[in-house]
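Chains as they are written, first to last, in full-length UniProt numbering: chain S, 1 to 542; chain X, 1 to 106; chain P, 1 to 118.
Keep in mind that the hints were calculated from the coordinates and are not lab data.
The C-beta atom is built at its ideal place from N, Cα and C for all residues, glycine as well.
Please note that a few of the clues may not be correct.
What the hints assert, rightly or not - Derived DEER-like restraints, expressed as beta-carbon distance ranges:
no., chain 1, residue 1, chain 2, residue 2, range
1, P, R40, S, L426, 52 to 58 Å
2, S, G315, X, P44, 20 to 26 Å
3, S, P104, X, G26, 31 to 37 Å
4, S, I481, X, G64, 43 to 49 Å
5, X, D10, S, M213, 38 to 44 Å
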Amino acid sequence: MRNGLRQSMAWLHTWSGLVVGWVLFAVFLTGTASYYKPEISRWMQPELRREASLGPDVLARAADLAVAHLQAHAAGARTWFITLPQPDRPLLELFWRTRPGTPPGRAVLDPRTGEPAALRETKGGEFLYRFHFELNLPPLWGRWIVGGCAMIMLVALVSGVVTHRRIFADFFTLRRDKSAQRGWLDAHNVTGVLALPFHLMITYTGVVTLALMYMPWGVTAAYRGDAQAYFAETGQITQPRPPAGRPGTLAPVGPMVRQAAATIPGPLERLTVANPRDANATVVAVFEEPHGLSHEHPQVAFDGATGAVVEVRQGGLRPAAKTFTTMVGLHEAHFAGAALRVLFFLCGLMGTAMVATGLVLWTVARLPRSGQAPGPGWRLVHGLNVGTVAGLPAAVAAYFLANRLLPPDLAGRAEWEVWAFFSTWLATTLAAFLPPPRQAWSGALVLAAALYLAVPVADVLTAAAAWDDPAWFLGFDAAIIALAACLAIIARKVARYEAPRRARRDAAGRPAPGAPPAAPEPALHAAPGPRGEGADARLGRA
Amino acid sequence: MSHRRAARADILGRAAVAGRVVLAAGGGYGIAALATALLSLTLPLPRSEAVTAATLLSVAVMVGVVVAVFAARSLLRALVGVGAAGLVLGGALWLVAGAIPPGPAA
Amino acid sequence: MNAGALLLNLGLSFLGLGALCLSLARHHGAVLRSSPRPARVLALRAAGWSLIGLSLAAAIRLEGGSFGPVQWLGSLVGAGLVLIAALSYRPRALPWMLLLAAAASLAAPALAMSRPAF
Numbered sequence: 001m002r003n004g005l006r007q008s009m010a011w012l013h014t015w016s017g018l019v020v021g022w023v024l025f026a027v028f029l030t031g032t033a034s035y036y037k038p039e040i041s042r043w044m045q046p047e048l049r050r051e052a053s054l055g056p057d058v059l060a061r062a063a064d065l066a067v068a069h070l071q072a073h074a075a076g077a078r079t080w081f082i083t084l085p086q087p088d089r090p091l092l093e094l095f096w097r098t099r100p101g102t103p104p105g106r107a108v109l110d111p112r113t114g115e116p117a118a119l120r121e122t123k124g125g126e127f128l129y130r131f132h133f134e135l136n137l138p139p140l141w142g143r144w145i146v147g148g149c150a151m152i153m154l155v156a157l158v159s160g161v162v163t164h165r166r167i168f169a170d171f172f173t174l175r176r177d178k179s180a181q182r183g184w185l186d187a188h189n190v191t192g193v194l195a196l197p198f199h200l201m202i203t204y205t206g207v208v209t210l211a212l213m214y215m216p217w218g219v220t221a222a223y224r225g226d227a228q229a230y231f232a233e234t235g236q237i238t239q240p241r242p243p244a245g246r247p248g249t250l251a252p253v254g255p256m257v258r259q260a261a262a263t264i265p266g267p268l269e270r271l272t273v274a275n276p277r278d279a280n281a282t283v284v285a286v287f288e289e290p291h292g293l294s295h296e297h298p299q300v301a302f303d304g305a306t307g308a309v310v311e312v313r314q315g316g317l318r319p320a321a322k323t324f325t326t327m328v329g330l331h332e333a334h335f336a337g338a339a340l341r342v343l344f345f346l347c348g349l350m351g352t353a354m355v356a357t358g359l360v361l362w363t364v365a366r367l368p369r370s371g372q373a374p375g376p377g378w379r380l381v382h383g384l385n386v387g388t389v390a391g392l393p394a395a396v397a398a399y400f401l402a403n404r405l406l407p408p409d410l411a412g413r414a415e416w417e418v419w420a421f422f423s424t425w426l427a428t429t430l431a432a433f434l435p436p437p438r439q440a441w442s443g444a445l446v447l448a449a450a451l452y453l454a455v456p457v458a459d460v461l462t463a464a465a466a467w468d469d470p471a472w473f474l475g476f477d478a479a480i481i482a483l484a485a486c487l488a489i490i491a492r493k494v495a496r497y498e499a500p501r502r503a504r505r506d507a508a509g510r511p512a513p514g515a516p517p518a519a520p521e522p523a524l525h526a527a528p529g530p531r532g533e534g535a536d537a538r539l540g541r542a
Numbered sequence: 001m002s003h004r005r006a007a008r009a010d011i012l013g014r015a016a017v018a019g020r021v022v023l024a025a026g027g028g029y030g031i032a033a034l035a036t037a038l039l040s041l042t043l044p045l046p047r048s049e050a051v052t053a054a055t056l057l058s059v060a061v062m063v064g065v066v067v068a069v070f071a072a073r074s075l076l077r078a079l080v081g082v083g084a085a086g087l088v089l090g091g092a093l094w095l096v097a098g099a100i101p102p103g104p105a106a
Numbered sequence: 001m002n003a004g005a006l007l008l009n010l011g012l013s014f015l016g017l018g019a020l021c022l023s024l025a026r027h028h029g030a031v032l033r034s035s036p037r038p039a040r041v042l043a044l045r046a047a048g049w050s051l052i053g054l055s056l057a058a059a060i061r062l063e064g065g066s067f068g069p070v071q072w073l074g075s076l077v078g079a080g081l082v083l084i085a086a087l088s089y090r091p092r093a094l095p096w097m098l099l100l101a102a103a104a105s106l107a108a109p110a111l112a113m114s115r116p117a118f
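One chain only, chain S, in its complex shape:
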């Protein structure tokens, strides 16, 4: 029943891909951008002055200032998170949760004075990164939606491989001179197959990163639901210490920072203070991941009241735990040097292109016969395609543009930048439904290209005075211009595209003589045909 299996897998691939395609495009796009999260954040706060290095004294003093601020502003919180200053980001970033339902507290301070940092308020690259796995929704909702879509993506990958008839013979093939559908199918296959190991890896490791949230049943069965105990036993975190219930005072953290820095080599990244007003307060010093694929952070835990070292956690992970941390590490690619990061970025772009070409292919394969108007389903898919594939890049450009155009001291400007992102996305999507399809595509792409072109202009005009390294900022701007150029080229190709021999094909409803034989994946053609043929019949068997 080989033919039947391939048909079923083709059906599964088409529909699973479509249903989650728009979300996946957003996830892939923002994820690919996140490979350069530190660079984006740096560009979006040009006032920030980097430092050559930060010694333990600076860190210790910064930690004391942070704790002082938190004791004044976050006394009721159960846990304080302090991101310590780094040479390329000399800021104190504080985070704490108050009551459930209320937004968490944040502060960005100058590490030397403890005063709020004199920078434009922005979410920077962090917004795109969090959007990648939370979609800017409440964390639980967003992560479940992205996780569900990622699982369906895995199904689409597997069914895509099963259904791809000539995966080796067509490996290098990109036919631009045949029918539009053939060309789009080739593009979809090439972007999918060429980076297939990457796509499989990135999707699987993406789900694995949050696997304990999606599949907590192992912890439920073996640990009676105590996830903290599980994490501690794997060796990834220090043993959690429950609060004593008695009040206590926190010892100065400066000496703790010094001692931690002396215990473990490598940059100290952050401090976590658990139960700060309790007698059993715990201060954990978390270090940057050592060089390697595995995503693990060495940690030193201190007793908060006395400042004595309670536990040192460094390496020593067992095979399964190591596999887990290596999978997370592969997904985040923190280990990648400059050149390897470019390759990861290219693979991410190919994944994004794979999703986009798949979405477009869906509409191209179901174009109505000439003379007939497309049905509402087709129009919906088309509108969402344009709104996502062109609108989302445009939204990212709008986010950058807003960063430069909004006054640096405007209250709530970080939220306004995010508003610019979403309103551009929404506007493009809504506008995409109005013009005829080809105009909608080229118009939206031209808009995106124009927005990207505006970004370096705005940068030079408004922020050039703040640059500390003009070459770096101009380099970033050059990359943005390259993006604009790519979008403009694609827009031009769409506007000028001449479908070869389409007229003859449409009139007869069959391929014209001399045209390539019917595409090997019959299910892709089956959509407007009579019921009961192809994959629908086989899957419809109850």
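Start from chain S and add chains X and P according to the hints.
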């Protein structure tokens, strides 16, 4: 008369496909969850290692069940397959869980 | 991050993928304007897979057992992209590009060995 029969067959066909989707999603997650819990308790590894290994595998299990449900020749076969796997895993889990003495609660 | 190692990987991967590509009649015709004889197809496939394997071995040797395979896969994607672009837009240029890749692959080990791996 045949027109109505064809329309009825069409509705049944769509219902069968919808059934596969529901079975794949629910059954896939259910089987993966049962397998994760069972493996966490039965793998001959230290406790945290067993949970990690089982959880890592659960992703592949779920994808496998989804693909199998759609590769099956009929919805009925898929239902039988998923049901049987669920019964076996559930039964095994019940046996194993019963054999573990109750420990300290979370 | 060793530039020489990456260059070697890219060069060898490009050569290997190029050989595999030329072993397919359609692409052989587009590039060399002739159909390959069975003996040549076999030779190209053998060469292609060997070069890809050599690229993996070099990656592991120069970058270690964990980074090596990651870099190797990345180099395959990068080389593949260049190859497909060449095939689609300038197929006649491919033989020159293969020569360039061969030269780069020969020069790269010197670059790789001259400084220690990261």
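Evaluation of the provided hints:
1. The beta-carbon spacing between R40 of chain P and L426 of chain S, approximately 57 Å, falls within the hinted interval of 52 to 58 Å.
2. A beta carbon spacing of about 24 Å between G315 of chain S and P44 of chain X agrees with the range 20 to 26 Å that was offered as a hint.
3. Between P104 of chain S and G26 of chain X the Cβ separation comes to about 34 Å, which falls inside the hinted range of 31 to 37 Å.
4. For the pair I481 of chain S and G64 of chain X, the supplied restraint of 43 to 49 Å holds, since their beta-carbon distance comes to about 46 Å.
5. Taking the beta carbon of each, D10 of chain X and M213 of chain S are about 40 Å apart, inside 38 to 44 Å as hinted.
The earlier numbered hints are all upheld by this structure, with none contradicted.
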